[in-house]
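With chain A held as given, fit chains B and C onto it using these hints.
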Amino acid sequence: MRSWLAALVPVFAATFALAQPATDGRRTGYQDMSPALQQMEDDDSANPGMLFVQMGEALWRQKTGGADKACADCHADGSMKGVAARYPAIPAKGDKPVDIEGRINLCRTGQQKAEALRPESEDLLALTAYVVQQSRGEPIAPPDDPRLAPMRADGEKIFKQRQGQLNLSCANCHDDNAGKKLAGATIPQAHPTAYPVYRLEWQTLGSLKRRLRGCLIGIRAEPYEVGAPQWVSLELYLMSRARGMRLEGVGVRP
Amino acid sequence: MANVMVNAPKTARKGEVVQIKAIVLHPMETGYRVGTNGQMIPRNIIERFTATWNGEEIFDMKFSPAIAANPFVTFFATASESGKIGLRWKGDNDFDVEHSVDIAVE
Amino acid sequence: MSGRRDFLAGAAASVVLLPAAAWASPDSLALAIREVVGDKELREGKVKLDIPPLVENGNTVPLTVSVDSPMTDADFVKAIHVFNEKNPQPHVFSATLKPRNGKAMISTRIKLADAQKVVAVAETGAGEFWTASANVIVTIAACIEEPS
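Residue numbers (my numbering), protein chains in the order written: chain A, 2 to 255; chain B, 1104 to 1209; chain C, 57 to 204.
In isolation and in its complexed conformation, chain A is listed as follows (with noise of 0.2 Å):
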């Protein structure tokens, strides 16, 4: 089946965005932007996500559930700084990664005795908004947890393994061809450092998993369901590739 390769190579014209020194090669999409929407994205009376990091302080601070709680009565101010650069992580009591979205709803459910907030809602978008944004300008740094490593290296199998009914990898991509155009725009390294990110295509804040999911079903792949395992894995991977890098907070991307 390699005709289609072939194929492919127009595609992919053979221009690399411009790359910024970096001593080990790593590039975040922000790098790739044009200097219009890196102002947008720099500037918080303009980014159209700090918007949403208003609105999770908010809810941050409201008291809610059956306990009657806010997240601000049992995690002090300042507390989260550095959290969203160690997630996806094996909460206390438990046995399974989460990430932030998963653990804001723990804490929904086992501490504020509320109700889970549905996955991309705006409520939960905002909250996590809110959390990631205490840790914007910390680089990433997934914890040491062995538990997390058969997970971690289920994540990178998923993203070398050709799928779909392109038959391509997240690799093939992301690490072979980031830098090319594909269709206009940059094929960036895919590193997380800016999720939950303002995407200009969806015109509104949106979660990894939401970019993971337009990912597959762009190579025409079938994405795993809600609250699947291969979610977390991903991410798991993903931001031990991207450790050491900073999280930009909030990110606009086109």
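Just so you know, the hints here were simulated from the structure itself, not pulled from any lab data. It is possible that part of the hints are untrue.
Quick list of in silico lysine to aspartate or glutamate cross-link-like pairs, EDC-like style, CA-CA up to 20 Å [stated by the list, open to error]: (1) K154(C) x D1199(B); (2) K114(A) x D69(A); (3) K159(C) x D1163(B).
Relative to the frame of chain A, chains B and C by itself:
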């Protein structure tokens, strides 16, 4: 209000020209897109954005469907006296959101 | 899964929803400008239109219009209008201003359906009309991309 973000100085000198920035959560659905069900998604936009300074109108902007989602607007105003800068967005489906910020003018 | 744009086919393969004649064109742009300006002379100058020449996504294009004006009672900008050439309709926004704005400068973010010209028209208190325009190339268009 949680779904509005305003950036304006908290203090200003009398006569100083200050910049006011505001963003409001709104899908600004143009009415020109077809949804995944094959049906046209109905138009749902903000039509008008107005600003007042202690009740006196200082800015009035008519939006079209060409204004991007979660509309962001910046404009300028001369600081006259302390009080409230009021902002209001009105549009389709009885959308009517007001928000105000305080400013101290010396 | 339906509704997802096929990124390999490129943006050019997007579906046009309305007959092309129904969308804005250089004629409807000219008409929209005429509705504002009437028979008065439309002069180039005083207006600065800041918009990136190439945008990745037409859904959110930053734009700043500024007009060189002292904004005094004797000499001020009373309205700023922005138009487009190829969206489904030619208007972008209209804003009314007064001397107390102090500075005739507005920033916002707009949608552009295709590579096209954007035109800003400023009307002064004395009834003069000034204009500037800019051409923008849009990699991924607004309006004609299906939601995903």
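Quiz item: Is the Cα-Cα distance between K159(C) and D1163(B) 20 Å or less?
Solution: Roughly 15 Å separates the two Cα atoms, so the pair holds.
Quiz item: Taking only the CA atoms, is the gap from K114(A) to D69(A) under or equal to 20 Å?
Solution: OK: K114(A) and D69(A) at ~8 Å, within 20 Å.
Quiz item: If you draw a straight line from the CA of K154(C) to the CA of D1199(B), is it 20 Å or shorter?
Solution: 24 Å, violated
The structure fails to meet hint 1 from the earlier list, while all remaining hints are met.
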